[in-house]
Amino acid sequence: SAVISQKPSRDICQRGTSLTIQCQVDSQVTMMFWYRQQPGQSLTLIATANQGSEATYESGFVIDKFPISRPNLTFSTLTVSNMSPEDSSIYLCSVRPGWGMNTEAFFGQGTRLTVV
Amino acid sequence: DAKTTQPNSMESNEEEPVHLPCNHSTISGTDYIHWYRQLPSQGPEYVIHGLTSNVNNRMASLAIAEDRKSSTLILHRATLRDAAVYYCIPDNQGGKLIFGQGTELSVKP
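Protein chains in written order, with our numbering: chain A, 8 to 123; chain B, 3 to 111.
Accuracy of the hints is not assured; some may be wrong.
[What the hints assert, rightly or not] Short derived list, chain B residues pointing at chain A, Cβ under 10 Å: (1) His36; (2) Tyr48; (3) Ile50; (4) Ala65; (5) Ala67; (6) Asp69; (7) Ile100; (8) Phe101; (9) Gly104; (10) Pro111.
Everything labelled a hint here was simulated from the structure, so no lab data went into it. Note that the Cβ used here is the ideal one computed from N, Cα and C, for glycine as well.
Here chain A stands alone, though its shape is the one from the complex (with noise of 0.2 Å):
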């Protein structure tokens, strides 16, 4: 199993600023991922976090705009740049302990951004 805490839960901040979103899990793994969930809609993949590399990003997603780390295997940061009431969603974390398909995915409590 996988115990993930992000931080912050929540934040409001202003347009054209960035925000910082961490994720520390209780144990090393190898996948770990980025989602976002905008108001009323399903999760959404932002990205898998690799540890060493440069991170993969899906359609629609852009370094520029949500650049992250993973400089190890318990921890990852994802930013939010340059932000715009658009950006307004909950951002969550997810990790997938072991090798393969036939393991469980655990989830972070979300960071829920308002951007005004």
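Position chain B against the provided structure of chain A, taking the given hints into account.
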């Protein structure tokens, strides 16, 4: 990609069984089927997963059709705390879980 189809919403009475269906007709033979749920104001949580056989755990049962084109999540006795959005996800993206719209389950007392 294996796409899924789930009802947008379902309603159940407390203490009664709930059967949540999912169609995944394009799934391949080695793709596990995962189910997660998201309670209000929380991150998703794992419910159950399986490949071919029916699976049971303390939370639910998963019935997988013989042709694997569909599956059904079974909550044996729904409680108010089971009200959530339930997601059926084929595990075929190299470890990434791609969420569909899910089924919003409401439970009436």
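To see whether the hints hold, each was checked on the structure:
Here the hint on B:His36 is kept, as its CB sits about 7 Å from the closest CB of chain A, short of 10 Å. Residue-level restraint check for B:Tyr48 holds (minimum Cβ-Cβ distance to chain A is 4 Å; threshold 10 Å). Because the smallest distance between the Cβ of B:Ile50 and any Cβ of chain A comes to about 9 Å, under 10 Å, the interface hint for this residue holds. For B:Ala65, the interface hint is violated, since its Cβ never comes within 10 Å of a Cβ in chain A; the closest pair sits about 18 Å apart.
Evaluation of the B:Ala67 hint against chain A yields a violated restraint, the C-beta minimum of about 19 Å exceeding 10 Å. Using the Cβ-Cβ criterion of 10 Å, the hint placing B:Asp69 at the interface with chain A is not satisfied: the shortest such distance is roughly 20 Å. Given the 10 Å rule on beta carbons, the hint for B:Ile100 holds: about 6 Å separates it from the nearest Cβ of chain A. Against a cut-off of 10 Å between C-beta atoms, the interface hint on B:Phe101 holds, since the closest Cβ of chain A lies about 4 Å away.
Annotation: B:Gly104 was flagged as interfacial toward chain A, and the flag holds, the nearest CB pair being 6 Å apart, inside 10 Å. Proximity of B:Pro111 to chain A is violated relative to the hint, the smallest CB-CB distance being about 25 Å (cut-off 10 Å).
Figure legend: structure checked against the earlier numbered hints; hints not met, in rising order: 4, 5, 6, 10.
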